[in-house]
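J.: Can you build the whole structure from these sequences, using the hints too?
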Amino acid sequence: MDDSRKDKVEQLVDYIMKWCLWQFHSRAWDREKQNEGVLTKTMQLLCEEPVACETPADKCYWVDAMVLAKDFKETYPWLGAMDKPDIKILMQDLKDRIDYLTITGSLNKELTDQRY
Amino acid sequence: MPYHTFKCSECIPERAKHAVIKGPGEDLTSCLPLGYLNTIPGTISERGCAYCGAKHVIGAPMKDVIHMSHGPVGCTYDTWQTKRYISDNDNFQLKYTYATDVKEKHIIFGAEKQLKQNMLEAFKAFPDIKRMTIYQTCATALIGDDIEAVAQEVTDELGDVDIFVCNSPGFGGPSQSGGHHKINIAWINQKVGTVEPKITSDYVINYVGDYNIQGDCEVMVDYFKRMGIQVLSTFTGNGSYDELRGMHRAQLNVLECARSSEYICNELKVRYGIPRLDIDGFGFKPLAESLMKVAMFFGLEKEAQAIIDEETARWKPELDWYAKRLKGKKVCLWPGGSKLWHWAHVIEEEMGLDVVSVYSKFGHQGDFEKGIARCSEGALAIDDPNELEGIEAMKTLKPDIIFTGVRPGEVAKKLGIQYLNAHAYHNGPYKGFEGWVRFARDIYNALYSPIHQLASIDISQTEVDGSGFSTRQLISDVNIDKTVITPPEEQPYTGDYDCVTKLRDKTYPEPTHKIVKVV
Chain A
1 MDDSRKDKVE QLVDYIMKWC LWQFHSRAWD REKQNEGVLT KTMQLLCEEP VACETPADKC
61 YWVDAMVLAK DFKETYPWLG AMDKPDIKIL MQDLKDRIDY LTITGSLNKE LTDQRY
Chain B
1 MPYHTFKCSE CIPERAKHAV IKGPGEDLTS CLPLGYLNTI PGTISERGCA YCGAKHVIGA
61 PMKDVIHMSH GPVGCTYDTW QTKRYISDND NFQLKYTYAT DVKEKHIIFG AEKQLKQNML
121 EAFKAFPDIK RMTIYQTCAT ALIGDDIEAV AQEVTDELGD VDIFVCNSPG FGGPSQSGGH
181 HKINIAWINQ KVGTVEPKIT SDYVINYVGD YNIQGDCEVM VDYFKRMGIQ VLSTFTGNGS
241 YDELRGMHRA QLNVLECARS SEYICNELKV RYGIPRLDID GFGFKPLAES LMKVAMFFGL
301 EKEAQAIIDE ETARWKPELD WYAKRLKGKK VCLWPGGSKL WHWAHVIEEE MGLDVVSVYS
361 KFGHQGDFEK GIARCSEGAL AIDDPNELEG IEAMKTLKPD IIFTGVRPGE VAKKLGIQYL
421 NAHAYHNGPY KGFEGWVRFA RDIYNALYSP IHQLASIDIS QTEVDGSGFS TRQLISDVNI
481 DKTVITPPEE QPYTGDYDCV TKLRDKTYPE PTHKIVKVV
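Chains as they are written, first to last, in my numbering: chain A, 1 to 116; chain B, 1 to 519.
Hints should not be assumed to be uniformly reliable.
Here are the simulated lysine-lysine pairs, DSS-like style, with alpha carbons at most 25 Å apart [said to hold, decoys possible]:
1) A:K70 <-> B:K285
2) A:K109 <-> B:K17
3) A:K70 <-> B:K316
4) B:K285 <-> A:K18
5) A:K59 <-> B:K302
6) A:K70 <-> B:K302
7) B:K327 <-> B:K482
Residues of chain A clear of chain B, computed beta-carbon distances all greater than 10 Å [what the hints assert, rightly or not]:
8) D7
9) Q44
10) P50
11) K59
12) V63
13) P77
14) G80
15) M82
16) N108
None of these hints come from the bench; they were simulated from the model.
In this text, a Cβ means the ideal position worked out from N, Cα and C, and glycines have one as well.
T.: Right, here's the structure in full:
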């Protein structure tokens, strides 16, 4: 990843860490679903692709994604200048980074508890 | 690893990984204290017990219930009236506290008869109340009293009562958080699904993890009702026992304090397929976005936007008045579990405060993840601090104010540092748009109180300054640029002393939508 893309990913990470809560559910399997659900839908919204909202869980990811996509566009004007394939790559990098910070690299020892 | 060792705790090596400083470039994979572990012997922890967490935090805000502690009177007395979880039924749950008054002889001979007698007496004394929670305590758990059996016996005998058994004795977890967990799981196992609620809207939520501290919950419910949403239950602030038995019929769980009640949301998701939406009810931006998220789930964006616009126009100028005067003040944010992450970023963003430390006595590592993620660089995060560590942190960091509970708050005052009650509030509610201004007002009053300035003068050591009369504003406005014209609505708080009671008589428009789902 080049420095410019890395810097952009870090800006988006900082925003999520400061203003969002969905990435911090209590168990690793929850976080995997949350990160996948919200960030995939955010990417689809930013790329103006159709977003599935058929189940209550999907709807819940979608509302978080709607607010996040709006905030991203308002806070980081450079997003508007990117083309869609680049946004997709950026959002995949973002998801990988959030997965690392909240799941695979996390020091939180409760993430692997079997029960709630 | 950015662990911080307190000088006073050098003799307790087990404390080595319980405090961290968020340094440059640190993230959650390198900067996270241990949390929610058994208390280290000798540290003089200030935590509460699992009984306290179950009864005092979560059970007792239920408003139409006799809350009976099966144990010595001290257990119930010490968890009574220190948290202002008000209700709209004349605060029944705050007025009385009940205990079975277990003494030494019961430890030898058992206390089940004593429990039954007390339960019958309590129901007789309050004939309008037909619901009861029994809380197990250490002593009665250790002697093996079968409180479930006694509860069943009384239910059978009286016929028209319903009793919830909360088996969370004080030793049932590392801290009060163990009790939160136990009562969440006990409630869904025993009570959820035992009442079928009346559905009056197409849009139905449970509002979870708000304990109606000075009316917080009622403020939020007002917003939801204005959107046309039915709040099926509130877990548990101003909550009704029977409404909470019908939680399984909501379409969405709106979760505020994940620390104390994510467990029931997670279980409602697994057992009933109800999704969990975590929100922030504090601060203008987080609250506006939270209301919008709930609205979008149901397609009520216009209704939410109208509320956000109206409330922001009314209250933002008054927040701005305070923000100008709070800018740069250093805060130790030392609340319970969730407020360390609900408040950490937004008091910096919207009030200009500088959070130099966060701590929690019972938070889990998940709470520190959220709190540290939201703090600025340089903040000191401490898990389960003892009093000496708190004092050392205050002396080192030199905060202007501490947001914490009554006990550490009084210690802060002795060091000449003002404190605000982060648990029960000073003059709340603090949730909602107006509530956020009330919080700013209380911070301002604490920081600039003339008596606070005088109290820190040691008259035995210092020549007393005879500059004479001062007011809060004389002190706070020294650095305000008077040449800058401010709009007339930018002024100190103009709301009512009591902004909650009037909500109880409010009428809401009937939903115009048609209910299509019949339960």
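J.: Confirm or reject each hint.
T.: Hint-by-hint comparison with the structure:
For the suggested pair K70 of chain A and K285 of chain B, the alpha carbons sit about 13 Å apart, so the restraint of at most 25 Å is met. Of the pairs offered as hints, the one joining K109 of chain A and K17 of chain B holds, with about 13 Å between alpha carbons and a cut-off of 25 Å not exceeded. For a cut-off of 25 Å, the pair hint linking K70 of chain A to K316 of chain B stands: about 22 Å separates their Cα positions. Restraint check: the Cα-Cα separation between K285 of chain B and K18 of chain A comes to about 12 Å, which is no more than 25 Å; the hinted pair holds.
Of the supplied pair hints, the one linking K59 of chain A and K302 of chain B holds, its CA atoms being roughly 18 Å apart against a limit of 25 Å. Restraint check for K70 of chain A and K302 of chain B: satisfied, since their Cα atoms lie roughly 16 Å apart, inside the 25 Å limit. A hinted pair counts as satisfied when its Cα atoms are at most 25 Å apart, and K327 of chain B with K482 of chain B qualifies at roughly 16 Å. No beta-carbon of chain B comes within 10 Å of the beta-carbon of D7 of chain A; the shortest separation is about 14 Å.
Every CB of chain B lies more than 10 Å from the CB of Q44 of chain A, the least distance being 15 Å, so the non-interface label holds. Here P50 of chain A stays apart from chain B, with its beta-carbon at least about 17 Å from theirs, past the 10 Å limit. Not every beta carbon of chain B lies more than 10 Å from that of K59 of chain A, the smallest distance being close to 6 Å; the non-interface claim is violated. A beta-carbon of chain B comes within 10 Å of the beta-carbon of V63 of chain A; the shortest separation is about 4 Å.
No beta-carbon of chain B is positioned within 10 Å of the beta-carbon of P77 of chain A; the least distance is around 19 Å. With a minimum CB-CB distance of about 21 Å to chain B, G80 of chain A clears the 10 Å threshold, and the non-interface call stands. Distance check for M82 of chain A against chain B: the nearest CB is about 24 Å away, which clears 10 Å, and the non-interface claim stands. In this structure N108 of chain A is not separated from chain B by more than 10 Å, as the shortest Cβ-Cβ distance comes to only about 4 Å.
The structure fails hints 11, 12 and 16 (numbered hints given earlier, in ascending order).
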